[in-house]
Structures are given as C-alpha cells and as structure tokens.
Amino acid sequence: MDAGQFLHASRVVIVAGKGGVGKTAVSAALARMAAKEGLTTLVVQVEASSGLARLFGRPPLSYVESSLAPAAGTVAEVRGRTITPDGALLEYLEDHGLRRISRKLVSTGAMDVVSTAAPGIKDILILGKVKSLERSGSADLIVLDAPAAGHAITFLTSVRGLLDAVRVGPINAQARDVLDLLTDPARCSVMLVTLPEETPVNELVETAFMLEDRVGVSLGPVVVNSLYPPLAGLDADPEAAAAEAGVSLRPGEAEALAGAADFRRRRRSLQEAQLARLDDLLPVPQLHLPHLFSADLGPSHVDALAAALRLEVASLPVPPGARPAPAAAPQGR
Amino acid sequence: MSAPPGLSRLVDGAGVLVCCGSGGVGKTTTAAVLALEGAKRGRRAVVVTIDPAKRLADTLGVGALSNTPSHIKGGWPGELWAMMLDTKSTFDDLVTRHSEDEEQARRILDNRFYRNISGALSGTQEYMAGEKLYELHEEDDFDLVVVDTPPTRAALDFIDASRRLTNFLDHRLYRLLMSPTRAYLRAVNLAAQAFVRTVSKVVGSEVLDDALAFFSAFEGMEQGFRDRAARVQALLGDEATAFILVTSPRPDTVEEATYFASKLEESEMSVAALILNRMHPRFGTGRSEGDRTRAEAYSGSALGALYANLADFRSVAEGEELALAGLSARVSPAPVARVPFLADDVHDLDALAHIAGHLFPE
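Protein chains in written order, with the numbering used here: chain A, 1 to 333; chain B, 1001 to 1362.
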C-alpha cells in the first residue's frame, strides 16, 4: 500500500498498547513518517511525561502546541501538545461563558467530585478536545498517544458509559460527537502496539476484540515493535570465523562472541514464534519495527523507525475498496 | 553483581511488601517471586495482583485468580497464596461491613452514583488495594502480603487514600448535597449556588440527583470508612511495610521510578530495595566501541557479524548503566538487585525459581 493512501485513511490515529511496548516511540515514528509525506502532524499526549518530547530532543510538552520537528522542504512539521482533563475542562467552561468560576472549579478540587458523579468525564473532555482539533483541520493528521494498559479500554469505552449516565446537556452532546468520531473509520482508527513476547501479545489480542465489540472503533494494522533484526553469520564458531579471517582472538573473546550470538538467536526464534501466534489469534496485517540497540532514543532513532514503518506500510496489501490517496494534503474542512 | 542480603531480610521480616513501578517492567512476576521466596522461608505469604494476570495464574498452576486468595500447593515449609484484586467486590464488602442494616447496604449498592464510584472512579483501585492488604494482613493472618500496584502515576495514591477520602467527604459540594433538601441551597451563599448550578449545567441534573441519593444513603457510614482508612494509612506507614521499586533499565521507566522514589520521600517513606528487571546480559568486559571497529574491519565475514552483534548488546548494556546510575545513587543505601532479560519467557514455577536465584543468590 502506498504510504500516502495509508496516512490519508483517517485523520485521527489513536496509538494504544500495554505499558512498556514502545507506544510513544511508535507515535513519534508515525508522525515523522506522515510529515515526510507532507502531512502536518500533531502528536497529542494525555499523560504528563517527557517521553515524546525527549524522542524529538525537545523540552517537555505543555497544553499549548509546540514544534517537535520543523518543516523542511517537502517535509511538513511535527507538532506536539498535551491534553490534560483539567486543561480541557477549563477551556470547555471558558468557551461556554463560564470563565468566572471555571478556575475555582478546578482549583477547589470540585473536579474530583464532578468526575466521580460522572466517571468518564475526564476521558470525554480529552477526546472532545481531540475531536475539536480534528474538526478545525489545523493538522492533516492527529496522532493520539493513548494512556497505557487496560486504561486504554476504559478510556475509549467510557464514552458509551457516560451516554448512559448523563442523558441530557452539553456533556451528553459532547459524548455523542466523540462516539461519532470514534466509530467513523474515515475519521478515526486505532493502531495497537505490542512486543513480540507472550504476555503483551495476549493483551493485544484481548484489547483488539474488546475495542471492536465495545466501542466499534476501526482497527488499523497492529505494530509489533522491537524485533531483533536478522543478522546472517551468527551460527559460525568464533574461533573458526577468526581463523578464516586470519586473526586470533584475545582470551575470553570467543565466549563473549558466542554468548551474544546465542542470545540473539534464541530471542529471535521466540519472537518469530510470537509473530506466528499473533497472526493466528488476530488475522490483521502486522507492521514490524526493529529493536534499536540503544537505551536512550533520540531524533535519529525516530527517523530510523519512521523509515522502517514506511517500508512495512509499502508491503501491506491494498484493501479492497480503499480510497486512492488525494493528490495533495486536504485543507481544513 | 549479586544481591545484597537486604532483600532476604525484607522477605524474612516485613509484613507488607509493596512493589511499585511503571507498566511492563515485570512487577507482577517480581511480586510473585517475593511471595514464593517468603513461603520457602517458612512464611504464610500471599501475593495480590492488580492486573488480570492470567499468565501469573497459569505460572502458579491455578485456573484463575479471584478476589479471595487461592492456595498454591508446593514443597515448601510455609504457605503460598495468590489473589487478584477486584475493586468493585472489595468496595461492596466494605459497604456491607459498615452499613447499619441490610436496607442501607442495598440502597447504596443499587445506587448508580455508587456503581460509578466503585467501578470507575480513578483512585478507587488504589484505595481498595490498601483496604485489601489491610484485611489480608490484620484479619486473615497472612504474615507476608506482597502487593503489586497499578502501572500509573496514581499508584502511590493509596498512601494518602485516607486523606483523599476525607477531602472528598468534606468537600463543599458534598456538604451541600448532604443537606436534606435542595431548599437548603437557597440558604447558602450565592457563590456556592452558582457553583452547584454550574456543575449541574455541565453534567446534567440527573447526575446530581444520583449523587444526592448516594450521599444520603451513605449518611452515618462515613465515620466507619474514615476510621478504617486511618488504620490502612497506619499500616502503610508502619515500619513492617516496605516499598520495593521495580524498574527496567530504560530512561523512561527509570524516570518513572525516580518519580515514585520522590513521591515516597514526600510521604516520609523510603525505598527499601530497588529491583532492576530486564537487564540485557553482559558478555565479557569489553566496550562496544572496539567491537564496532572490529565489525567494520571484518565486515562481510562471519567474524564481522559476530562482532556487530556483540557491539549491539554491549552498547545496550552501556546505555543501561548510564540510565541507572542516578537512580541507584538516589535510593542508596537500599539494596539493588539485578535480574537479566531472560533468553526464554517465564512459564512456570521453575522460571520463578530461576528469577529468585538472581534476587536471593545466597
């Protein structure tokens, strides 16, 4: 599938997965890939964490949009911001002519009581803000780095729960609008991320079924992150390989080389078994991203992941009935 | 490299071990290993997980974990039990326990606002985790309770759950709602009226009506809740309760662990031990730079591939040491134990025992 076609499929992509699977890195890579296709992209974080900004080598994000990677030539800009419930509530109240007491509502902790009375209200405020950003058309693609683990399910299912609890009023209207967004595949899709390990694969499958059944959201391909790239030649005996190259190894060197080679081979074969298992359990296309042998990821790693993601997308089959990519990025609707 | 004896001392002497850390760092498995070690050392131990840890149930050889502990049989002198926290049933039990009669309990359990609180209120899970461990420790006579916490920043909220609950009950809005009739609202000051009107405008009056019904049904019970919360708080602050920080050696999870360490300090508690999971193995003592040079020199040959691979793992290991340096210094003198990223997945009790071998090498 052509990268442009893939990226134009929906304007909001929610990236979700269990904690520690690299959701934030995948969000960053997707945003950078889109920017390289000329789409101005906004990445939204819902939890205060410096992870995303660090990937782009920037200071922590705030409620106000800031640039994560500038536009250059045909490459569009990647911007980032947070949407916190308190911030979204303040903005909502101010937009509805309730500025006078809005700060008090938040500062007195009344927000806690209100969100107890109608749980899911925080999630609605966040998703409501995402919806208004989508409507405003200020970005061609919005990537939402969703909250971790089981909370992603609560986050997305709370909309239906809230519709049941609050049957009238502005929150109800807001919840309806959000549900319209979530269930329209032309506007929103969910990209689930996992690691090629047993427990994360199980959780991904469970989440995928729950999201389809309980939210009715459209699932895009799943991302399997952190696969050891295949490396030929690891089966060789280090002493023999050294002899062949005409050198001799220092003491202990053969054991270190053999140990590292064995570790990679064993992990790689476990990973392949998990890929096959995932394919059995959830018949959707997989996008594979390589493990980056670095503990601290930065902009060059994001670019490497974006390039890998682009190649993976290119190898996806074109789904029947898919719309062709527009010639140019759509302007605000 | 080996774990200092501190971790054994904790398993032998602590009454409650709380494992904190971000998601995906192996907290649940670590909690199970600690409880298993307790049982092996003759203690009556229970591990409480927060996540629906089906995998842990399989590993322990029980069908499924529920809100009451299951006994795990094995050849150890102590006892091993395991359970999964069910926030809603724990809350229901608490309501039933503190109700004056069945009628009051039923009015609360059937209330929609209550169902919202018990199922979905953020912080309830943390509060109920505290409640459950109090019950296991004080009433069910477990002498070692190992609890895994939710993988969010709110995980440590249960340290001050009682303060939060009290704030909630004392809240102005709550007091307004607690008044017998809405007519009372006319008597309160204008600011408060505007406040309630706003809330009502935003969430709809139905929600406020539900809340009102809940608070009036709850009347008379809050003292019981408060007393209980204070006792849970006291147990968490007791010197027999120890907090164990679990992390993987990546900058983002280390940052979260550092955040937990500072939250504990704010509450005048300290990290009793640091467990570093998923450490990449160290192969020999060389540096990645030299390997990388050799990989390039022999590029295209099998030796080149072997060196490129070794360079990959050594550079990861170097990055891990860098990421961990600050945290290890920060929690000092707490013992630090390292568990390698295993070449195989954790499948059964033998695998847990294997991890225990890294935590308790003596």
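It should be emphasised that the hints constitute simulated quantities derived from the structure, not laboratory data.
Treat the hints with care, since some could be wrong.
[Claimed, not checked] Incomplete in silico selection of chain B near chain A, CB under 7 Å:
1. Ser1299
2. Gly1300
3. Ser1301
4. Ala1353
[Unchecked claim] Think about it this way: if two alpha-carbon atoms lie no more than 25 Å apart in a straight line, the pair counts; the simulated DMTMM-like pairs of lysine to aspartate or glutamate are:
5. B:Lys1088 / A:Glu206
6. B:Lys1088 / A:Asp213
7. B:Lys1040 / B:Glu1135
8. B:Lys1263 / A:Glu47
9. B:Lys1073 / B:Asp1086
10. B:Lys1088 / B:Asp1227
11. B:Lys1088 / A:Glu134
12. B:Lys1263 / A:Asp180
Don't be surprised by glycine CBs; every beta carbon is placed ideally from N, CA and C.
Structure-based check of all given hints:
no. : hint                  : result
1   : Ser1299               : violated, 11 Å
2   : Gly1300               : violated, 9 Å
3   : Ser1301               : holds, 5 Å
4   : Ala1353               : violated, 19 Å
5   : B:Lys1088 / A:Glu206  : holds, 21 Å
6   : B:Lys1088 / A:Asp213  : holds, 23 Å
7   : B:Lys1040 / B:Glu1135 : holds, 23 Å
8   : B:Lys1263 / A:Glu47   : holds, 17 Å
9   : B:Lys1073 / B:Asp1086 : holds, 23 Å
10  : B:Lys1088 / B:Asp1227 : holds, 20 Å
11  : B:Lys1088 / A:Glu134  : violated, 36 Å
12  : B:Lys1263 / A:Asp180  : violated, 40 Å
In summary, the structure is inconsistent with hints 1, 2, 4, 11, 12 from the numbered list given earlier, while agreeing with the others.
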